[in-house]
Amino acid sequence: MFNRETFIGRVVSGGGFIFDFARWLVILIITLTLLHFFVITVFIVDGESMDPTFATGEFGALDKISYDFSDPERGDIVVLNYPGDPEHRRYVKRVVGMPGDRVEVKSGTVYLNGKKLAENYLPQGLYTDKDGSWKLSSDEYFTMGDNRPNSNDSRYFGPVEKRFLVGKVVWILFPRFFSVVTPTY
Amino acid sequence: MERKKARKAPFLEINWRKLMFFSAVFLVVFVAAKLISTARYSADEPMDSSYSTVSSSNVSLEVKKNGSVYKDGKKISSKISPQKNFDELRMLVYDKNGFYLDNLEVNLTLPSAVAKDSDPQILAIHGVDSATASVTNDSTISYAAIGVGADATITIIAKLPKGVVSLPFLDQLVFLLSSFGGSVWLVVAIIIPLLSIIYLIMLISLHSRTQKISTPERPITAPPMAIPPAVVGVLTNQDVGPREIAATLIDLALRKFIFIIDRDRGFAFGKRIFAGPLLGFEKILLSKIFRDSIKISEQEVSERFSNHLYSHKMSLFTNGIYGLSTRLGYFKENPASMHRKYQFVGIILFFFALVCFFLNFRYFPSLPYAAFFWVGMMVASIVIIIIGSKMPIRTALGRQALSNWLAFKKYLSDPAPLPYDAKNFQKFVEYLPYAIVFKCEALWAKRFSEEEFMVPDWFITDKPSLGLQDFCLSLYPIIGYVGQNLATIREPGYK
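Chains A and B supply the protein sequences, listed in that same order. Here the first sequence is numbered in this note's numbering, starting from 4 and rising by one per residue. Here the second sequence is numbered in this note's numbering, starting from 6 and rising by one per residue.
It should be emphasised that the hints constitute simulated quantities derived from the structure, not laboratory data. Since the model is a prediction, treat every value here as computed from it, not as a measurement. Positions of the beta carbon are idealized from the N, C-alpha and C atoms, including for glycine. Do not rely on the hints blindly, as some may be mistaken.
As the list claims (entries may be wrong) - Label pairs and their in silico Cβ distance ranges:
| # | chain 1 | residue 1 | chain 2 | residue 2 | range |
| --- | --- | --- | --- | --- | --- |
| 1 | B | Val-64 | A | Leu-35 | 39 to 45 Å |
| 2 | B | Ser-371 | A | Phe-177 | 43 to 49 Å |
| 3 | A | Pro-55 | B | Ser-65 | 42 to 48 Å |
What the hints assert, rightly or not - Here are a few chain A residues that face chain B, going by a calculated C-beta distance under 10 Å:
| # | residue |
| --- | --- |
| 4 | Val-29 |
| 5 | Ile-32 |
| 6 | Ile-33 |
| 7 | His-39 |
| 8 | Phe-41 |
| 9 | Ile-43 |
| 10 | Asp-88 |
| 11 | His-91 |
| 12 | Lys-118 |
| 13 | Tyr-130 |
| 14 | Asn-155 |
| 15 | Tyr-159 |
Produce the complete structure using the sequences and hints provided.
Here it is in C-alpha cells:
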C-alpha cells in the first residue's frame with residue numbers, strides 16, 4: 004500500500020528529514036484546521052461565570068459537529084457567539100430554556116413554563132437574580148452561567164438564536180479531566 | 006521489489022522541498038497566531054457601572070438603500086448583512102470606551118418607512134443601568150441606554166424586511182453560498198478531483214487512441230535493440246524513477262564497471278577499472294555514488310543521501326536519460342519538459358488553493374464550509390501532477406520501439422519455466438535490468454529453477470551456497486534502497 008508506485012504511497016512516502024517534516028506539517032495543519040473549524044477544538048475558559056462547574060483557565064474540548072446534525076438539549080454547556088459582537092466574543096454558558104419555552108426568573112428561582120426548574124448542578128442555596136420573563140421563539144435558546152450572581156447571560160442580553168451557538172462542551176481536559184455530562188431535569 | 010529501508014520518493018513528485026518547507030513554517034506561524042488569538046472563550050461576568058467620568062452622547066446613523074451605513078454623515082464599515090428572512094443591521098456602538106456616560110442615544114434612519122417591522126433590539130452588558138429600543142417614526146428607530154459604564158458593551162439590532170435594501174452582488178453571492186450546507190460543499194470537494202481525474206484520463210485515452218501502440222502477439226526472446234535499460238524504462242513509463250536507477254546499477258555491474266558486496270554488517274559498492282565506454286549519465290551516477298573512492302560502504306551511501314537536500318548530479322543523471330531518449334527520436338518533446346509543465350500548473354494550483362483555504366476562514370467567516378472546496382482543489386492539483394505526466398508524447402518511432410520492447414516484456418513475464426542450462430542462467434542476469442524497468446523481475450526469476458544457481462561474479466557475498474531466491478532477496482533490497490533514495494534527491498523540476 005505504501006509502495007511508491009501506488010497513489011497512497013506517493014502521498015505518504017517521502018524523502019529526507021526536512022522534506023518529510025515539511026510535508027507532514029502541511030498535511031497536519033490542513034487536517035487540524037479542518038478539525039478545529041468543523042469537528043472539535045480546544046478552548047480556554049476565561050472568567051468565573053461557570054464556577055464551580057468550570058474554573059477560569061481550564062482547558063475544554065468543544066464539539067462543533069453535533070449541532071450540525073441535532074439540536075442542543077436542555078442542560079448542555081455550550082460555547083456561543085455573543086449576539087452583540089458575534090465575530091469577536093464567545094461565551095461559555097448552559098442551555099436552560101429551549102425553543103418555545105417561557106423562562107421566568109423570580110425571587111431567585113428559575114421557572115420553565117410556570118414550573119420550578121430543579122437545577123441539581125448548582126450549589127445549594129444559590130440565588131438567581133435579575134427577575135424577568137422571556138418567551139422563546141422556535142429558534143431561540145435561553146442560556147445562563149452556573150455562577151448566577153456573576154454571569155452575564157441571556158438574563159442580560161436575551162435569548163440566543165441557534166446560529167450563534169458554536170458547539171457543545173464535551174470534556175474538560177486540564178488541569179482537571181472529566182467528561183461533561185448533560186444533566187437530567 | 007523489496008526494499009531494505011522504507012525510504013521513498015518525494016511528496017507527490019513535486020520536489021519543491023524548500024518551497025514546501027518555508028510554506029509550512031509560514032503556515033505554522035499563521036495558524037498558531039490565529040488559534041491563540043481566538044481560543045479564549047469567556048465565561049463572562051457582569052461589571053459594576055458606578056465609577057468613571059460623566060458625559061453624554063448622541064449618535065445619528067443612517068442606512069442607505071445599498072445597505073451601507075453612515076454615521077453623522079460619514080460612511081462607516083458596518084453594513085447590512087443578509088439573513089434568511091430579513092436583512093440585519095447588528096452594530097456595536099459602544100465597546101469598553103473607558104468613560105462613563107449618563108445616557109447614550111442612537112437614532113437610526115432607515116431607507117424606507119419600515120421601522121415598525123424592523124424588530125429593533127438593544128443588547129447592553131457589562132454595566133448599563135437600562136437600555137431601550139423604540140420606534141420614533143415610520144423610518145426612524147431610537148436606541149437609548151442610561152448609566153453606561155466604562156466597560157459596557159452596547160449593540161443595536163434592526164431586522165429589516167427583505168427588499169428594503171439592495172445589497173451588493175458580492176454580499177448576495179456570499180449569502181447564497183452560505184445557505185448551502187456542509188454536505189453540499191463536501192460533495193463539491195469530492196467532485197472537483199474526480200472531474201480532474203476523469204478529464205485527464207479522457208485526454209490521455211484520446212491521445213493514446215491517436216498514438217496507438219500495437220500489442221505484440223508473440224514474445225521476442227531477446228532484447229530488440231541494444232539500448233540502456235534506463236532508456237527502455239523511459240520509453241515505457243515516460244519517467245525516470247528508482248527502477249531506472251536500480252537497472253542502471255545492475256547494468257553497470259554486468260558490464261564489469263562495478264561490483265556489489267553483500268555482508269551481514271551491510272552492503273557495499275566497489276569500482277573496477279573502467280574498461281569500456283560509459284554513457285554520460287552512467288558516469289554521473291558512478292561519480293555520485295563513489296566520488297573519488299574505489300569502495301563505498303552502506304553507511305557512506307546513506308550519507309550521500311542524507312547530506313543533501315538536493316543533488317545536482319542526480320538531476321543531470323535524469324536529464325541525461327531523458328535527453329538520450331529524445332535524441333533517439335522516441336519522443337516529440339523531452340519528457341522532462343512535459344513533466345515540468347504539469348508540475349508547474351499543479352504547484353501553482355496547490356499553493357493558490359492552500360492560500361485561499363486560510364483566507365477563506367479569515368475573510369469569509371460566514372462561509373466556513375467553502376474550505377472544503379479549496380481542499381478539493383488541492384487534491385485536484387495533486388491529481389494533475391501525477392496523472393498529467395502520463396500524457397503520451399511518443400513519436401511513431403518510439404511507439405514502434407515500445408511495441409518491440411513489450412514483446413520482449415512478454416517473454417520476461419511468461420510463466421512457463423525455462424529449461425535448466427548454464428546459457429539460460431546467463432540470460433537471467435543479463436536480462437534482469439530490463440525485467441526491473443518492466444516491473445516483472447519477480448516473474449522473470451520464477452522462470453528459473455532454484456537448483457544449481459551460479460551467483461554472478463559481480464555479486465560478492467559471505468552467505469554460502471546462495472540459491473536464486475536468496476540471491477534475489479539479497480540483491481533487490483540493496484538496489485531498491487539505493488534507487489529509491491537517489492531518486493528522492495533530484496532537484497526541483499526533475500523527475
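### Message
For each hint given before, does the structure comply? Return the numbers of the non-compliant ones in rising order.
### Response
2, 9, 12, 13
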